[in-house]
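Asker: Chain residues, written in single-letter form:
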Amino acid sequence: MVKTTSSPFGGDARTRVLIALRLLGSSFPRELSRVLEIPVSAVSRALAGLERDALVDGRTVGRSRVFAISPRYFAKPELESYLLRLADAAEDIAARTTQLRRRPRKTGKPL
Amino acid sequence: MKLSSKSTVCDAAIAVGSTLNQRGNTAVLTGGACVAIYTDGSYVSKDADFVIRGRVRQAALDEALGSLGFSRHGDRYVHPSIEFYVEFPPGPLAIGADLAITPVELSRGGNTALAISPTDSCRDRLAAFYDWQDRQSLELAVRIARHQQVDLELIRRWSETGGRLDEYQEFLKALRLARTARARKPERRS
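One line per chain: the protein sequences are A and B, in this order. Sequential numbering of the first sequence, starting at 67, is according to the numbering used here. Sequential numbering of the second sequence, starting at 253, is according to the numbering used here.
Derived from the structure by calculation, the hints contain no laboratory data. A couple of the hints might just be wrong.
Derived Cβ-Cβ restraints for the label pairs, each shown as a range [as the list claims (entries may be wrong)]:
1. B/Pro332 x A/Pro170: 28 to 36 Å
2. A/Arg118 x B/Leu417: 50 to 58 Å
3. A/Gly76 x B/Ala311: 44 to 52 Å
4. A/Pro170 x B/Gly318: 35 to 43 Å
5. B/Leu429 x A/Arg100: 43 to 51 Å
6. B/Gln274 x A/Pro143: 24 to 32 Å
Computed far set for chain A versus chain B, every beta-carbon distance over 10 Å [unchecked claim]:
7. Arg125
8. Arg131
9. Phe140
10. Ala141
11. Pro143
12. Leu149
13. Arg151
14. Asp154
15. Arg168
Backbone N, C-alpha and C define an ideal beta-carbon position, used for all residues, glycine too.
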């Protein structure tokens, strides 16, 4: 694939996962895979690397691993500002995150 | 320095920290192992996390820990005789955004290792409570403050800077309750 954007956090997947997590607050591999249109395996690899670098944390919620930018990363505010700026240039990610419904839905209410 | 199945996490942490420091690497013990040490073993940690200041080659780490009987499996160093493992999470040494961390020395049997202080260990657990509402971490912060002298004013200022005064008040309340419960506990008579 031709490289059309910069990847300041290493691989393209790492940078895009971080941007998506900044926009979504938290997410899980399958949702990130849909938003970023890359395979779940690539998302999982990116998350594993980002976790090793202490940039993201994963927590088990039910049977899912939910990931977020680590609140304990020493430069979290600066990282989040930078990612928000990068998101301005990643219109595809921003557009797809707006298609996700994340607000509550009453139990039993039809879709 | 020999580690055996009877070695505690404190013994192992001091052995590892001391060995690394003797080889010119500044390694600071953080995380759950510090909680285990500062609560006199009332908390059991399964790992010893060291943050290394500066750069170190993987081969140098392998050699240093190998001299104590550890071998590397992925990111972890395991020992055939002890249950817990050693890891080196990425730095910098920080509690949240606070990089001004001054380690303290832990000594045992003529060996000395560096570790975060009781106050910073307490802040480290409180950070987990503040960020993830992890109530086990709140309980551990209380235990550290009960067993060790911690700088509550520093913790209050740090909490205030992070906009966490309400949570800090909850910590103080839990600490007061724990101290009261301990004071009320009847003494055993012989």
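Asker: Each hint should be assessed against the structure and marked as holding or not.
Answerer: A quick look at each hint next to the structure:
no.: 1; hint: B/Pro332 x A/Pro170: 28 to 36 Å; result: violated, 51 Å
no.: 2; hint: A/Arg118 x B/Leu417: 50 to 58 Å; result: violated, 34 Å
no.: 3; hint: A/Gly76 x B/Ala311: 44 to 52 Å; result: violated, 23 Å
no.: 4; hint: A/Pro170 x B/Gly318: 35 to 43 Å; result: violated, 53 Å
no.: 5; hint: B/Leu429 x A/Arg100: 43 to 51 Å; result: holds, 46 Å
no.: 6; hint: B/Gln274 x A/Pro143: 24 to 32 Å; result: violated, 38 Å
no.: 7; hint: Arg125; result: violated, 7 Å
no.: 8; hint: Arg131; result: holds, 14 Å
no.: 9; hint: Phe140; result: violated, 4 Å
no.: 10; hint: Ala141; result: violated, 7 Å
no.: 11; hint: Pro143; result: violated, 7 Å
no.: 12; hint: Leu149; result: holds, 17 Å
no.: 13; hint: Arg151; result: holds, 20 Å
no.: 14; hint: Asp154; result: holds, 25 Å
no.: 15; hint: Arg168; result: holds, 19 Å
Consistency note: the structure conflicts with the earlier hints numbered 1, 2, 3, 4, 6, 7, 9, 10, 11.
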